[in-house]
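J.: Listed here are the chains, written in short residue letters.
Number of protein chains: 2
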Amino acid sequence: MQRIGKYTLQLDPPAYIRGSGSFAGKKEGEGPLKDYFDATHDDTTLGEESWEKAESKLQTEAVKTAIQKAHLKPADIQYIFAGDLLNQCISSTYGLRDLDIPFLGQYGACSTMAQGMGMASVFVSGGAAENAVAVTSSHFCSAERQFRFPLEYGGQRTPTAQWTATAAGAVVMGKQPGAISVREVTFGRMTDLGVSDANNMGAAMAPAAVRTLTDYFTDTGATPQDFDLILTGDLGYVGSSLLREIMRKAGWDIETNHNDCGLMIYNRKEQDVHAGGSGCGCSGSVVCGYILKQMAQGILKDVLFTATGALMSPTALQQGESIVGIAHAVHLHLET
Amino acid sequence: MQRIGKYTLQLDPPAYIRGSGSFAGKKEGEGPLKDYFDATHDDTTLGEESWEKAESKLQTEAVKTAIQKAHLKPADIQYIFAGDLLNQCISSTYGLRDLDIPFLGQYGACSTMAQGMGMASVFVSGGAAENAVAVTSSHFCSAERQFRFPLEYGGQRTPTAQWTATAAGAVVMGKQPGAISVREVTFGRMTDLGVSDANNMGAAMAPAAVRTLTDYFTDTGATPQDFDLILTGDLGYVGSSLLREIMRKAGWDIETNHNDCGLMIYNRKEQDVHAGGSGCGCSGSVVCGYILKQMAQGILKDVLFTATGALMSPTALQQGESIVGIAHAVHLHLET
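Protein chains in written order, with the working numbering: chain H, 1 to 336; chain S, 1 to 336.
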């Protein structure tokens, strides 16, 4: 492992993706990526007694599938990096407690998939683990009632609001060489430009994505054109437009090869999701489902996955605080 | 870095403690460790508008002091591992956002100090960082109103309840050799024996401490007698009694050299704290204040710091869930 520039880790040896799992709910199963999830659930409770328990179950499914696809058993995994949006990260705790794998809770809000993937990659590359799992989830219903309003209230959503995806994604990172590797990781700094509208997370997170992307390009000497896809998650429509504009003004053109998990998971025009998808499980399920499958088929070779998070709580906003953004970047590379 | 046994990382090269900071509130400043904090605050709001903001300020103070004592600047720190008990870890976010250091949010409940210290040590030992900070905090008032009752309600506390410490601890781990090192780290597995009383966290966490301690001893071949102090945090009186009893039955005698941060931070008989202290900031401030100072003076040479966490939320308990315990162990060694 080697530090390059101010903020980037070059993983040598790289960490390889050995398996992944991606599960989602009904609405996601009606969207454009429906064929790329391992399974979708028509019942948003997944047969559980609460939405929180349903979200936990999504994590369990994602991790078990990822480990299975890696042809491993839970005992072969040294660490699991997991986190979610719920208070005290309970989806992770209750979803993973039976696995008996050393557990390292992560909190990066919607950046959790990239944070956990980066963390697992650093542990594998540095010799701390042979295999490590990263997983995250979100659930529309558990998130709405915790962060905004009870669903029964039937509140109107603003045009800038994003739709929290009911989904989970998990990945097994390992030392044993495979088709897809993580080559570099850039963990981000917190960025706060004063946005305090919880219904406009995209605007709060875009500046953090700009920062981490420019850190990555500056550190590595790479340019946006070196990537088939610069993939943020989940800025949605408002945040993505902001990101592209600020990047262009800063001299980095990502117009042609940028996309955002929040814009990919739903059909924005037909599915009434306003500015697009969000939630840890959005980028988690898109990357661990669609993206890795596209890479495995050779359609994508180099993807700069940059997940963004809005670090805030209803309590903080009620006390007049702004929303702090963060973004972590992971370079996914298809080995030739 | 090398894996020994099933669960332990031997850090070679070790990571060294370069500086630490420890701040606390009024009640802690009236306790037996009062002279070991860098400062204590008589005003529980620290001059801020809310207890949550006060808690953030404790983290700011602890980190700035730790970096200063290490004779470093924030720009010399590559990563900051931080977490706390508040929903979405807002004490960490708002306390650290201005530092401009890549931020990796951790969630380990009251085990966060050991988790972050272990994480920072792994990153330093593995070459991912020259210096990394670990920090955590808790605040009696912000925790009570979030987890239990509004303070104004004046609810009676049960005899097994612990008192959330108003405190923060931070440490700078670095590559440059110093007097105190982290030699091994054992990250724990989740343990759930079905305890569901939020006023008896000690009982929920003790089995997790047993597991991580026995993992550590089994992996390394060390015995409890190799340590001047086996330090849990924060099991309090009930959990500590349970821990010692289970360990004795399992053939590991820790009677003479075990202590618990929750039993050390207050005078239990005179300060009306029932079963003792708790909260991330309890073990954080005790280790980063008292313990490291005792080590620097040569009074303690080998300390097995094993912080325990209760992974749960009020929502989970209301839905009938039990409290999941976790414990992470870090071997602190005074170099000769």
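Treat the hints with care, since some could be wrong.
Pairs involving identical chains hold if they fit within one copy or between any two copies, as the list cannot separate such chains.
[As the list claims (entries may be wrong)] Calculated cross-link-like contacts (lysine to any residue; reagent style SDA-like; alpha-carbon spacing at most 20 Å):
1. Lys-249 x Asn-259
2. Lys-73 x Gly-5
3. Lys-6 x Gly-127
4. Lys-6 x Lys-73
It is worth saying that the hints were derived from the structure and are not from the lab.
J.: Can you give me the call for Lys-6 and Gly-127, within, between, both or neither, at a CA distance of at most 20 Å?
T.: Intra 23 Å, inter 14 Å, cutoff 20 Å: inter-copy only.
J.: When Cα atoms must be at most 20 Å apart, do Lys-6 and Lys-73 count as within-copy, between-copy, both, or neither?
T.: For Lys-6 and Lys-73, only the inter-copy Cα distance (15 Å) is at most 20 Å; the intra-copy one is 37 Å.
J.: Indicate which option fits the pair Lys-73, Gly-5 if close means a Cα-Cα distance not exceeding 20 Å: within, between, both or neither.
T.: Classified as between; 18 Å across copies, 38 Å inside a copy.
J.: At most 20 Å between C-alpha atoms: does Lys-249 with Asn-259 qualify within a copy, between copies, both, or neither?
T.: Close inside one copy (18 Å), not across copies (58 Å); limit 20 Å.
In terms of the numbered hints stated before, the structure departs from none.
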